[in-house]
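Each chain, written out:
Protein chains: 2
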Amino acid sequence: MRAREINKGILFIIDGLGDRPLNELNDKTPLEFAETPVMDSLADEGVTGIVDPLSVGMRVGTDVGCLALFGYEPLKSYSGRGPIEAYGVGMELGVGDVALRANFSTVNGEGKLTHRRAGRIREGTDELASALDGMELSDGVEVSFRSGTDHRAVLMLRGRNLSPNISDSDPGVNMVGVPPKEVIPTDRTDNAVRTSGLVNEFLLKARDILKGHPVNKKRIEEGLPPANAIITRGAGIPKVLDTVMEKFNIRGGCVAAESTIIGIGKMAGFNIYTDPSMTGNLDTDISTKMNLVLKALSENDLVICHIKGTDIAAHYGDYRAKTEFIARIDKELGEILREIKVEGVYISISADHSTSCLVREHTADPVPTLLWGYDVMRDDTKSYSERETAKGGLNRISANGLILTLLDYIGATHRFGD
Amino acid sequence: MRAREINKGILFIIDGLGDRPLNELNDKTPLEFAETPVMDSLADEGVTGIVDPLSVGMRVGTDVGCLALFGYEPLKSYSGRGPIEAYGVGMELGVGDVALRANFSTVNGEGKLTHRRAGRIREGTDELASALDGMELSDGVEVSFRSGTDHRAVLMLRGRNLSPNISDSDPGVNMVGVPPKEVIPTDRTDNAVRTSGLVNEFLLKARDILKGHPVNKKRIEEGLPPANAIITRGAGIPKVLDTVMEKFNIRGGCVAAESTIIGIGKMAGFNIYTDPSMTGNLDTDISTKMNLVLKALSENDLVICHIKGTDIAAHYGDYRAKTEFIARIDKELGEILREIKVEGVYISISADHSTSCLVREHTADPVPTLLWGYDVMRDDTKSYSERETAKGGLNRISANGLILTLLDYIGATHRFGD
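Chains F and S, in that order, are what the protein sequence lines are. Mapping the first sequence onto this note's numbering, position 365 (from 1) lands on 361, and the numbers just tick up by one. Mapping the second sequence onto this note's numbering, position 60 (from 1) lands on 56, and the numbers just tick up by one.
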């Protein structure tokens, strides 16, 4: 029903990009402080604005922020983080399966957590996961367990009468010195009672298996915290989402390293472009990512590229690292600019949420956003920053509104009414 | 329940007014390029903003955009275009009736569409419609058929067990060289199967009748495409809407030529002001329209005036015509300005949606909007354009928000809460 040819669009999601002014940066934000001539030129020639991931004043996780930027309404489509991570690590979820996020973590002799992420373990997690995968629980319930990025993993239970309405065993960010929590049902159904019991059973058996695992013996020898326990959170059952092809009749390409984003991309029917050199961390290979953007752009109508390092740096409160990482993104973006800044391609830069280096957490601050294209109306804003984009021609919109606007420019939206 | 006297308000809906920058206009939009001293002065002295017809990034039709500007929430109140058009041409719809938009169109000897609008036929459509009106279909279902503006017409079926869930026979914009589509049910009910069969029966019989009609014989002699077939779309059943009197306890006047707007105006309980010199096209008599605004203002509390030409020009990609038409509106508005720019009257100018001369289609771009009144807070914006109003004091609001704001200024809204 579209009256014109499809153009193409690229959306860069710079994770946790938005921030607050810092004394140490002369009351500038990391984005204001960083050298970003490429992004500034796009902001100058295009239109800018500020974007609320979900709604004003609402803090969101990367999953919810990205779900919105991938074209879904999170309040309708969000099914918990577990299923997203499960898709992200390549699991096949069926109706009735329950998926949970898991961390490899470290407990001491008294069973108290000493490291929530087992020292952000990066090596040997595949072997550890294999040792847990395929475990049989009571009533014939089957376990699938797979490792993700760094310390992250996914636990899936398959069997009859399972429920996602169970609590987390993860006691929460910064909670060390306490034992993992017992999983309890969060409603009064027999299924939730039973499922929480099954997860507790898994967690106990997992400790037995991990304790003597060669990977952990080696870690102890090297003075590293052993990954001798699992903590879980975000139980959910899969929701079937319309794919980007079904919703907008376009091909989508997702360039990402982190399993959350790959999971959302898969759920949304995007073709996935990834590479082991992209780590989802500060040491990621941004150049490879940018080259994958070019490849994805040649094979799709809409390309979404996610870059994680900014968020990681901010969670550590490392504003220098965040600033430098932003400058690196800008430089690498400059390398492919000539190939993407052409008629018929629309470029947007935004974020899934803000992460404050001061708070060391996601905040509800709206994220700086720009949109560039050959018939996009240039506004008065000259650079790409939180402060400048707040004066932009897009004004203040939601993340869902942003992706719909980009889709409208590429000619992929449907008209409501006649 | 109102604590103050009613003031009066005028809303001008300039159809498809919003646009994008064009190279040919020195990267200005048609509205920026056009000479509009009158609208600029209202923007200067009043407050401006940008308005999303429905929500950010959502393309809408004139029907949906106007429904919102007439005070309704389209997602709740939209019943398909057919019933709106039926009200527009003066049909009386009853419960269970199904109404469809129809075009007079031209098919060749092989039954393929050659002109979707029979060359935008304007004369003789009443006689052609009369020849189809009153036709009896199977099972005693009665046909009402009435002509609208230009090539437009309305088909109504009255009988038992009818369903609006049927497809369009119109193959779509720019689709010529193909036969009209067979109408099929869009759900699995017997009523939808039966109704689609009845419409197909009507379309077949209509061709027989139109083929030999004197109006068409004359058109062929004159070298014009004969209106020898009907194509249909937008089947719907009437929804009963609260009138403007019921909702806001005010009298509404609607100045319009096009049957869609007249239909919405009637559904909304507005008094209709129209005149044959207003064509709903580029050759419309804007001066007559402005004089009807004065008349309507003396007899009502809220006047909505719709002007179509801008949208028509943009659909043709004719940015010169759009620019000139905007300048004409400005000039004619200037002629009545002294009589409406008075204390107690609030003036707003907005649009039902944007129509890009480049895309030649509606886009989701927000529409430039101004609001003038003696106690409206003047902002810094000095002129009326997409770019300038994006910096205005109203910020970015929805069409529904705009009309409620205007109603609030005239003192007609209710307070929620005590």
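These are calculated hints, taken from the structure and not from any lab test. Be aware that one or more of the hints could be misleading.
All copies of an identical chain are treated as equivalent in the list; a pair is satisfied when it fits inside any one copy or across any two copies.
[To be verified] Within a straight-line C-alpha distance of at most 25 Å, the following computed SDA-like cross-link-like pairs (lysine to any residue) qualify:
no., residue 1, residue 2
1, Lys262, Gly53
2, Lys243, Leu71
3, Lys243, Pro181
4, Lys24, Lys327
5, Lys243, Glu335
6, Lys24, Asn391
- prompt: Of the hints stated earlier, which fail here?
  reply: Checked against the structure, the only hint that fails is number 5, while the rest are satisfied.
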